[in-house]
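Visitor: Chain by chain, the residues run as shown.
2 protein chains.
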Amino acid sequence: MNQPIAIELAATKKTKPQADQLGFGKYYTDHMFIMDYEASKGWHSPRIVPYQPITLDPASKVFHYGQTVFEGLKAYRTDNGSILLFRPEENFKRLNRSNERLSIPHLDEEIALEALKQLITVDQDWIPDEDKTSLYVRPFIIANESSLGVAPSQNYMFMIILSPVGSYYAEGIHPVKIFVESEYVRAVKGGVGNAKTAGNYAAGLKAQEEAAAKGCTQVLWLDGVERKYVEEVGSMNVFFSINGTIVTPALNGSILDGITRKSIIELLKSWNIPVEERKLSIGELVEAYHNGTLEEAFGTGTAAVISPIGELHYLDEQLLLRGGETGPLSRKLYETLTGIQTGVIADPFGWTVELPSAQYTAGTK
Amino acid sequence: MNQPIAIELAATKKTKPQADQLGFGKYYTDHMFIMDYEASKGWHSPRIVPYQPITLDPASKVFHYGQTVFEGLKAYRTDNGSILLFRPEENFKRLNRSNERLSIPHLDEEIALEALKQLITVDQDWIPDEDKTSLYVRPFIIANESSLGVAPSQNYMFMIILSPVGSYYAEGIHPVKIFVESEYVRAVKGGVGNAKTAGNYAAGLKAQEEAAAKGCTQVLWLDGVERKYVEEVGSMNVFFSINGTIVTPALNGSILDGITRKSIIELLKSWNIPVEERKLSIGELVEAYHNGTLEEAFGTGTAAVISPIGELHYLDEQLLLRGGETGPLSRKLYETLTGIQTGVIADPFGWTVELPSAQYTAGTK
Numbered sequence: 516m517n518q519p520i521a522i523e524l525a526a527t528k529k530t531k532p533q534a535d536q537l538g539f540g541k542y543y544t545d546h547m548f549i550m551d552y553e554a555s556k557g558w559h560s561p562r563i564v565p566y567q568p569i570t571l572d573p574a575s576k577v578f579h580y581g582q583t584v585f586e587g588l589k590a591y592r593t594d595n596g597s598i599l600l601f602r603p604e605e606n607f608k609r610l611n612r613s614n615e616r617l618s619i620p621h622l623d624e625e626i627a628l629e630a631l632k633q634l635i636t637v638d639q640d641w642i643p644d645e646d647k648t649s650l651y652v653r654p655f656i657i658a659n660e661s662s663l664g665v666a667p668s669q670n671y672m673f674m675i676i677l678s679p680v681g682s683y684y685a686e687g688i689h690p691v692k693i694f695v696e697s698e699y700v701r702a703v704k705g706g707v708g709n710a711k712t713a714g715n716y717a718a719g720l721k722a723q724e725e726a727a728a729k730g731c732t733q734v735l736w737l738d739g740v741e742r743k744y745v746e747e748v749g750s751m752n753v754f755f756s757i758n759g760t761i762v763t764p765a766l767n768g769s770i771l772d773g774i775t776r777k778s779i780i781e782l783l784k785s786w787n788i789p790v791e792e793r794k795l796s797i798g799e800l801v802e803a804y805h806n807g808t809l810e811e812a813f814g815t816g817t818a819a820v821i822s823p824i825g826e827l828h829y830l831d832e833q834l835l836l837r838g839g840e841t842g843p844l845s846r847k848l849y850e851t852l853t854g855i856q857t858g859v860i861a862d863p864f865g866w867t868v869e870l871p872s873a874q875y876t877a878g879t880k
Numbered sequence: 516m517n518q519p520i521a522i523e524l525a526a527t528k529k530t531k532p533q534a535d536q537l538g539f540g541k542y543y544t545d546h547m548f549i550m551d552y553e554a555s556k557g558w559h560s561p562r563i564v565p566y567q568p569i570t571l572d573p574a575s576k577v578f579h580y581g582q583t584v585f586e587g588l589k590a591y592r593t594d595n596g597s598i599l600l601f602r603p604e605e606n607f608k609r610l611n612r613s614n615e616r617l618s619i620p621h622l623d624e625e626i627a628l629e630a631l632k633q634l635i636t637v638d639q640d641w642i643p644d645e646d647k648t649s650l651y652v653r654p655f656i657i658a659n660e661s662s663l664g665v666a667p668s669q670n671y672m673f674m675i676i677l678s679p680v681g682s683y684y685a686e687g688i689h690p691v692k693i694f695v696e697s698e699y700v701r702a703v704k705g706g707v708g709n710a711k712t713a714g715n716y717a718a719g720l721k722a723q724e725e726a727a728a729k730g731c732t733q734v735l736w737l738d739g740v741e742r743k744y745v746e747e748v749g750s751m752n753v754f755f756s757i758n759g760t761i762v763t764p765a766l767n768g769s770i771l772d773g774i775t776r777k778s779i780i781e782l783l784k785s786w787n788i789p790v791e792e793r794k795l796s797i798g799e800l801v802e803a804y805h806n807g808t809l810e811e812a813f814g815t816g817t818a819a820v821i822s823p824i825g826e827l828h829y830l831d832e833q834l835l836l837r838g839g840e841t842g843p844l845s846r847k848l849y850e851t852l853t854g855i856q857t858g859v860i861a862d863p864f865g866w867t868v869e870l871p872s873a874q875y876t877a878g879t880k
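Chain order of the listed sequences is L and P.
Just so we're aligned: the first sequence equals residues 516 to 880 in our numbering.
Just so we're aligned: the second sequence equals residues 516 to 880 in our numbering.
Bound-form chain L, shown alone (with noise of 0.2 Å):
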């Protein structure tokens, strides 16, 4: 890369929480990335610097505008020390197609990856080695240049900060109650569904909370123009298991284009079993539910990986899959693909990146 990453270590470092406290996104650890945009600089001054408060203009776009994309991955300890990245590439290549939606500047796909793996070397200590346990990676772009007109920000800073996480459910794997939402819509096509943007995510909550009230975890989000086709779960992609067949919504323009996802359908296709991205309604779905053939569904994403759906709310009816427990495709989906990211079970995929992890020592934790 053209400039080199400046690197200013944190005088002191923080006490690590206890892996049975970590949670989800709540410990951030002793560093972070930056990088700033300026429209006459390009991309400029790469830096590691002590995990602090960062200062911006109260004008600045990003809290007007909401011109911003982040991504997520996580990184993982294995048994024998090693560090292992799952497919970071495909996150940057998705940055930079959610970047191009929301008129952001292309980053240099190279220089981020490469700015992750320093990162993560230089907070290697903090990523947990624990089962279902990871350090979950959160680079991020806000606008913020500080100015009140409609029009893309010319100031612009790409961060990447770490967190340390548990099992998003503390099971482990966990079916959940599931709403299908024919109230709010989530997104439609031409619109930013399938960029990784804030407001994709500002639009989810309102219809996350409603379900939360009928004792669901998360939404079925149903397409925004017919109302009938399924798109996503809660900020996961979704699959259902029919007759034999695994169906998932095809990438449509208003769907996420997951990286979980992805990967699951390149595993399903390596074990011989038929997979269909297509248009899928809920009413295909509650007639499999009724003539027998719904035989699972499950969420894929970064933080829970697999997450089993036990139930579907839909109008009056409640649909129990498996008696709401998880089911065996679900079960061996999560188990080869947390084997794969965490280098229990050989990767014929390519889909790892190991980190060098010289300092390591197991257990100095």
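Since the hints were made in silico from the structure, they are not lab data.
Source: prediction; values computed, not measured.
If chains are identical, the list can't say which one is meant, so a pair holds when it fits in one copy or spans any two.
List time: in silico DMTMM-like cross-link candidates among lysine to aspartate or glutamate, alpha-carbon distance up to 20 Å:
1. Lys-541 x Glu-553
2. Lys-704 x Glu-724
3. Lys-704 x Glu-725
4. Lys-632 x Glu-605
5. Lys-794 x Glu-741
6. Lys-704 x Glu-741
7. Lys-528 x Asp-572
Given chain L, work out where chain P should sit, using these hints.
Guide: Okay, now just chain P, sitting in the frame of chain L:
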């Protein structure tokens, strides 16, 4: 209100820009208002402080999940030196409707209005008094809990910043070329299009850039479902004069409930001009254009007040309205509304709110 507003005055005051250099949203006054929210304490610590950068944790939810809402209104200096606000209570009512949609806690509208009045009073020397100038007021709320879980924030900041602005267009009222957007969609029913939240603006930047590349200033948004009904123009509401009747899209859940829109409808009704709030298709507009009944078109919003549409680009057609000139109704509405806003014309509607301006001396700014 329960808690008095603490005031910390700036030790030094900034040099004020020349009236002809103002532009829109480029300069900020000497002070700003802040109030914090914590789940356990509610909104607390209202204060006016010197305008300054704010410090946020990089994991603050506003950066990642876009939980933020805002408002925009203007304060005007009248010829006799008083300060007028235009329907500010409507802004805070709408802010709370936006809050409701974005799962942000309710804000006491009286406290917010009192904060706004005190802040403007403190910075009243910043209200420009030249023709076509005003003080733009930007209240906004950001989620500042540092947590990467996708859930409503436990902490928020409500802020008000002030920016002296010139006319949105240098010429005052100026017909613009509009590109009828058929690829991108701003919002859809069930989404957040009727809330004033950052994500809506982020979603529109790309279309605006592409329209600009085609020589157009803004886009005319069509609905996201049938892709044929007119919704908004840029970030303004839109009106058409068709055969003597003024037609504007009905509020349908994806259109912002504009305060200028509402005022224009009330003004037209007071003039006994027929107004219809209804579905309006692009096909109907093209047909009206060709049969000679499409008389005028204009956008309405706080920033430009009235923005006449001189030309519509739709597919391969260019619909030239009134030879690209400002129509008489657009001009009359602009002059009447800005006249009321600036105190030049009597306000029979009770829309304006006058602030005390004891320290003001004309020409001392």
